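Participant: Okay, so the sequence shown: first residue is 42 according to the numbering used here, each after it adds one.
Honestly, I wouldn't trust all of these hints.
[To be verified] Below, computed lysine-lysine pairings styled on DSBU-like, alpha-carbon distance capped at 35 Å: (1) K120 / K88; (2) K120 / K86; (3) K120 / K96; (4) K98 / K120; (5) K133 / K88; (6) K98 / K86; (7) K55 / K98; (8) K96 / K85; (9) K133 / K120; (10) K55 / K96; (11) K85 / K120; (12) K133 / K84; (13) K142 / K120; (14) K88 / K55; (15) K142 / K85; (16) K98 / K133; (17) K96 / K86; (18) K55 / K86; (19) K55 / K120; (20) K142 / K96; (21) K88 / K98.
[Unchecked claim] Restraint-style ranges between C-beta atoms, simulated for each label pair: (22) R110 / A148: 25 to 35 Å; (23) K55 / K85: 53 to 63 Å; (24) V107 / P48: 21 to 31 Å.
Hints are computed from structural coordinates only; laboratory data are not their basis.
As the structure is a prediction and not an experimental result, all values here were calculated from the model.
By construction, the Cβ of each residue, glycine as well, lies at the ideal position given by its N, Cα and C atoms.
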Amino acid sequence: MYTEEEPVRNILEKFHTITGSKRSDNENENDYNTNASMIPSLKKKAKQLCYFNDKWKDTYDWISEVNNRNRAYCTICRKEFGIGHGGEGDVKVHMETVSHKSRMRQASVCKPIKVFSCPQKTPVFIKNSSC
Numbered sequence: 042m043y044t045e046e047e048p049v050r051n052i053l054e055k056f057h058t059i060t061g062s063k064r065s066d067n068e069n070e071n072d073y074n075t076n077a078s079m080i081p082s083l084k085k086k087a088k089q090l091c092y093f094n095d096k097w098k099d100t101y102d103w104i105s106e107v108n109n110r111n112r113a114y115c116t117i118c119r120k121e122f123g124i125g126h127g128g129e130g131d132v133k134v135h136m137e138t139v140s141h142k143s144r145m146r147q148a149s150v151c152k153p154i155k156v157f158s159c160p161q162k163t164p165v166f167i168k169n170s171s172c
């Protein structure tokens, strides 16, 4: 009768035959029992994605939220980037990119021009003397 242990036993016998080694006195067939109950079942753990945190806006003034909760928008670089796998770590990784650092330097040098408006004058009415 075929058992689960036979393939292991056959492999070991072939190994011992090829290598010329002999089974040690401490080895016995029960040491190689591969009963299915002895093999741990491995279940894949579901990955949990990170979401945008509004508190990041206080720390990083250049970040904003987008429709996809697993992404963020950089107002300096004008592009979205993923935060689903690393959360705030992904924000820090983006912050350390060469392109982001370069744009931050440019933004600090080039201050935005404020729109100047003249105060509105009160309308002046001129009387027509001919009326």
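Participant: For every hint, state whether the structure bears it out.
Facilitator: Comparing the hints with the structure gives:
1. K120 / K88: holds (25 Å)
2. K120 / K86: OK: K120 and K86 at ~32 Å, within 35 Å.
3. K120 / K96: Distance ~20 Å between K120 and K96 Cα, so the pair holds.
4. K98 / K120: Given that 35 Å is the threshold and the Cα spacing comes to 16 Å, the pair holds.
5. K133 / K88: At roughly 21 Å apart (the allowed maximum being 35 Å), K88 and K133 satisfy the hint.
6. K98 / K86: holds (31 Å)
7. K55 / K98: violated (66 Å)
8. K96 / K85: holds (32 Å)
9. K133 / K120: OK: K133 and K120 at ~15 Å, within 35 Å.
10. K55 / K96: Distance ~64 Å between K55 and K96 Cα, so the pair is violated.
11. K85 / K120: With Cα atoms ~33 Å apart, K85 and K120 stay inside 35 Å; holds.
12. K133 / K84: holds (32 Å)
13. K142 / K120: Given pair K142, K120 holds - Cα atoms ~14 Å apart, limit 35 Å.
14. K88 / K55: violated (43 Å)
15. K142 / K85: violated (38 Å)
16. K98 / K133: holds (13 Å)
17. K96 / K86: Roughly 28 Å between the alpha carbons, so the hint for K96 and K86 holds.
18. K55 / K86: Not satisfied, since the Cα-Cα distance of roughly 38 Å exceeds 35 Å.
19. K55 / K120: violated (61 Å)
20. K142 / K96: Since the Cα atoms of K142 and K96 sit roughly 22 Å apart, the hinted pair holds (cutoff 35 Å).
21. K88 / K98: Satisfied, since the Cα-Cα distance of roughly 26 Å is no more than 35 Å.
22. R110 / A148: 25 to 35 Å: At 27 Å between Cβs, range holds.
23. K55 / K85: 53 to 63 Å: For K85 against K55, whose Cβ atoms are near 34 Å apart, the range 53 to 63 Å is violated.
24. V107 / P48: 21 to 31 Å: Between V107 and P48, where Cβ atoms are some 55 Å apart, the hint is violated.
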